[in-house]
Amino acid sequence: MALFVRPSALRSSLPRDLIAACTISLNSRHFSVLNRPPPNYPGHVPLTFIERAGLAVGSAVISLANPYRGDLIAALGEATATPYFIYRLRDAMLASPTGRRILRDRPRITSQTLSMTYLRSLPPNTVGRVYADWLDREGVSPDTRESVKYIDDEECAYVMQRYRECHDFFHALTGLPVMVEGEVALKAFEFANTLLPMTGLSMFAVTRLKPAERKRFFTIYGPWAIRNGLGAQEVINVYWEEQLERDVEDLRAELGIEKPVDLRDIRKRERARKKAEKEAKERSGDSLGVN
Amino acid sequence: MKIPSTSLSTRQLGGYVCSGCTRQLRRQRRSYATSTVNPDLYDVVCVGGGPAGLSLLAALRSQPATANLKIALVESQRLDATRNFQLPPTQFSNRCSSLTPSSVRFLEQVGAWQHVDQKRVQSYEEMQVWDGVTGARIEFDWPAEKRGQTIAYMNENLNLTSGLLKRIDELGGVEVLDGQKVEDIALGSETEDFDLSSWPVVSLSGGRKLAARLLVGADGANSPVRAFAGIGSRGWDYERHGVVATLQMEGPGWGGESKIAYQRFLPTGPVAMLPLPGDYSTLVWSTTPALAAHLKTLSPKDFIAMVNAAFRLSPVDLAYMHTQSDGQADELAWRSQHTNFDQHRIPQQVIGVQEGSIASFPLKLRHADTYIGERVALVGDAAHTIHPLAGQGLNQGQGDVESLANTIQYAVTHGQDIGVRMSLEPYNAERYAANNMLLGVVDKLHKLYAVESGPIVPLRSIGLRAVNALGPVKQFFMDQAAGTGVKIL
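Top to bottom, those sequences are chains C and B. With UniProt numbering as the guide, the letters of the first sequence map in order to residues 1 to 291. With UniProt numbering as the guide, the letters of the second sequence map in order to residues 1 to 489.
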């Protein structure tokens, strides 16, 4: 009796339900471009699946051509963060007491919330001072961060924002500079640590590096990034605002991050060596010419 | 049925000596021997006065063919408290079970259901089951032509046993030996009057000895009767505890008159909220022993928050809240704002927990190698223990009892000895495979949903959604769960 098939019910409800059941829903909200739903949070732009895919491809291609388009890299990050990755990162935060506190307080890192004069007044070995020194050395400001637009979940949008604002602290902690070579190394570290697809896609920028830089990436910074990114704790769970006065070595040890060789130093030495070689060559050339 | 002593004495010495002479010999020898207590002879001795044992006795006494059997019930607890079970309508015992319509039909047949306090029984017509990791959901509601049909009845175990005892008292004829522990079960000996060497003799702490033509073990998972019969029991512990509690809800439920049962599969185990009359519900939350112990240490406010969270928040949030010693209520208030759930498809808010109702018990799977031995039959938990996620434990016991009662009736009406293995064989044949299949299915469900990540998770969600969409398949499962579907085994 139980297996008695009711054909009428089958015909009417089966196909739609079955298709719905067997489709892994990528985006729970389906809408047309003409009926865009209201934003979930200020600044939110709801996208359809096709729009999201287009944004991902477009921003990836153009930012590869021009790695200084930070806005497009940000858009790429948002377009590729769903369906899985940003939720994983949010869950990683929710699993840690500090991460939960961050999600609850939702602190923002800007030049208003972090006073540069205060940071510069800290002792040289503190996290805050290292951060301020790094900003000064690289000539950047914490206010250059785009706000998140394309992530539908309001809490995940904050997670993305937080990751973006912490990015400079990761720079400061590892001492990696903002030039393409430094960024690629840091993105590799972030990919191993946060699993955000954009950081992984940024690895394509390796193709744009000069041969010597590429060799450095594959021999020094790449292996460092993978070892540290996988071995370290989730760096998204650091409440930077509370760590400013802490000893930076202490924090690195707690997180399990080794500071890589200073990239600017290597480049400087390399340049000096090349220059010396060139001079030596010229000198030998001169001497040859004399003989 | 009186035991015909002539037939016994004929058997003890076979056909070698005439029965008259043997009797004479025995009588002479007796005058020299120290006097030992002769066991009282019974047709059926049932050890264990739980739902299974009591329903068996009620069934035997209510069938005309078996009503004249000489029956004794042995129970270590006093039964007066159970018999006079009474609680105000705002209080419920924390040990509740679901009774399927087929179990209720059997209890009605036996005449016991009429003695169960119906104001304390709650039927439910719909079931919402979902995956805590992915949210995939299956909604067990009947198609239009069968709408309003009961899936199962929630009932306090004490209400059931009390009704059964009242029915047994009404029928009379059962010698109830309560408050007496079983000290020993051994085979009887040969006396000049009869040969009890194949009969189990139960020695009670009160000094009584009962020899049983058929000894029924309804004495729970650690059954002494099963141990006596040398029947092994196999299975494993789930490393999980079931936390139970009686909860007060904010209202009578979303369905109003028609009640809904809820179950959410969390990676630590399923958590179920089952309706009781009025604004009350009973909780069964299977979780790891450490988490169960932690839940029991929480303040009522935080315990309530944890229960509400168990049906609402993500497993990540729950795992964190399990590490907190207090403050779960605050955490729930915050996380509820950031978690999507359709509040009409989950239970209403819990607002109170009945004092002293939070308890836990270990979950395990056990299955006896066989349900019968020479002059021994096992029913209920003595035969099998199941994970509670499908609410089938008590119903399996009722199924056993119905089958055993029919088997005994058949033996009596066909002039067989009710205790011998051959008479009991139909009972084992009818129940063993069916129980084994149910134990296996429930065990696999538990294991399937204990997986937290990996390819199994999306696959099981697709499977659940597909079953939800395929009306006839869902109907099949519902009929099986209600015990009204086709018999597969």
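No lab work stands behind these hints, which were simulated from the structure alone. Possibly wrong hints are sitting among the right ones.
The following residues of chain B were derived to be distant from chain C, with all beta-carbon distances above 12 Å [as the list claims (entries may be wrong)]:
(1) Glu190
(2) Pro315
(3) Arg335
(4) His344
(5) Phe361
What follows is a set of in silico ranges between Cβ atoms, one per label pair, in the way DEER data are often shown [as the list claims (entries may be wrong)]:
(6) C:Pro123 to B:Ala333: 32 to 42 Å
(7) B:Asp326 to C:Glu154: 21 to 31 Å
(8) B:Ala333 to C:Thr110: 49 to 59 Å
(9) B:Gln324 to C:Glu51: 51 to 61 Å
(10) C:Asp105 to B:Lys146: 47 to 57 Å
(11) B:Gln349 to C:Pro83: 56 to 66 Å
(12) C:Met116 to B:Thr339: 46 to 56 Å
(13) B:Gln349 to C:Pro124: 35 to 45 Å
(14) C:Glu270 to B:Gly135: 50 to 60 Å
(15) B:Ile456 to C:Ala65: 40 to 50 Å
(16) B:Ser258 to C:Glu241: 44 to 54 Å
Some chain B residues close to chain C (C-beta under 7 Å, calculated; not the full set) [unchecked claim]:
(17) Val316
(18) Asp317
(19) His338
Everything numeric in this text was worked out from a predicted model, so none of it was measured. For every residue, glycine included, the Cβ atom is placed at its ideal position computed from N, Cα and C.
Here's how the hints hold up against the structure:
Every beta carbon of chain C lies more than 12 Å from that of Glu190 of chain B, the smallest distance being close to 54 Å; the non-interface claim holds. Once the 12 Å rule is applied to beta carbons, Pro315 of chain B is inconsistent with being away from chain C; the minimum gap is 9 Å. Not every CB of chain C is more than 12 Å from the CB of Arg335 of chain B (nearest about 8 Å), against its label as outside the interface. Look at His344 of chain B: its CB is around 17 Å from the nearest CB on chain C, clear of 12 Å, so calling it non-interface holds up.
Under the 12 Å C-beta cut-off, the non-interface status given to Phe361 of chain B relative to chain C holds; the minimum distance is some 30 Å. The hinted window of 32 to 42 Å between Pro123 of chain C and Ala333 of chain B holds, with their beta carbons roughly 41 Å apart. Distance hint for Asp326 of chain B and Glu154 of chain C: a CB-CB separation of about 28 Å, consistent with the stated range 21 to 31 Å. Our hint of 49 to 59 Å for Ala333 of chain B and Thr110 of chain C is violated, since their Cβ atoms are close to 29 Å apart.
Separated by about 41 Å at the C-beta atoms, Gln324 of chain B and Glu51 of chain C break the suggested range of 51 to 61 Å. Between Asp105 of chain C and Lys146 of chain B the Cβ separation comes to about 53 Å, which falls inside the hinted range of 47 to 57 Å. Remark: the range hint 56 to 66 Å for Gln349 of chain B to Pro83 of chain C is contradicted by a beta-carbon distance near 30 Å. A beta carbon spacing of about 38 Å between Met116 of chain C and Thr339 of chain B contradicts the range 46 to 56 Å that was offered as a hint.
For the hinted restraint 35 to 45 Å between Gln349 of chain B and Pro124 of chain C, the CB-CB distance of approximately 54 Å leaves it violated. At roughly 54 Å, the beta carbons of Glu270 of chain C and Gly135 of chain B sit within the given window of 50 to 60 Å. With their beta carbons about 42 Å apart, Ile456 of chain B and Ala65 of chain C fall inside the hinted range of 40 to 50 Å. Separated by about 53 Å at the C-beta atoms, Ser258 of chain B and Glu241 of chain C satisfy the suggested range of 44 to 54 Å.
Interface hint at Val316 of chain B: satisfied, since its Cβ lies 4 Å from the closest Cβ of chain C, which is below the 7 Å cut-off. For Asp317 of chain B, the shortest C-beta to C-beta distance to chain C is roughly 6 Å, which falls under 7 Å, so the interface hint holds. Interface hint status for His338 of chain B: upheld, as the beta-carbon distance to the closest one in chain C is roughly 5 Å, under 7 Å.
Checked against the numbered hints given earlier, the structure breaks hints 2, 3, 8, 9, 11, 12 and 13 and satisfies all the rest.
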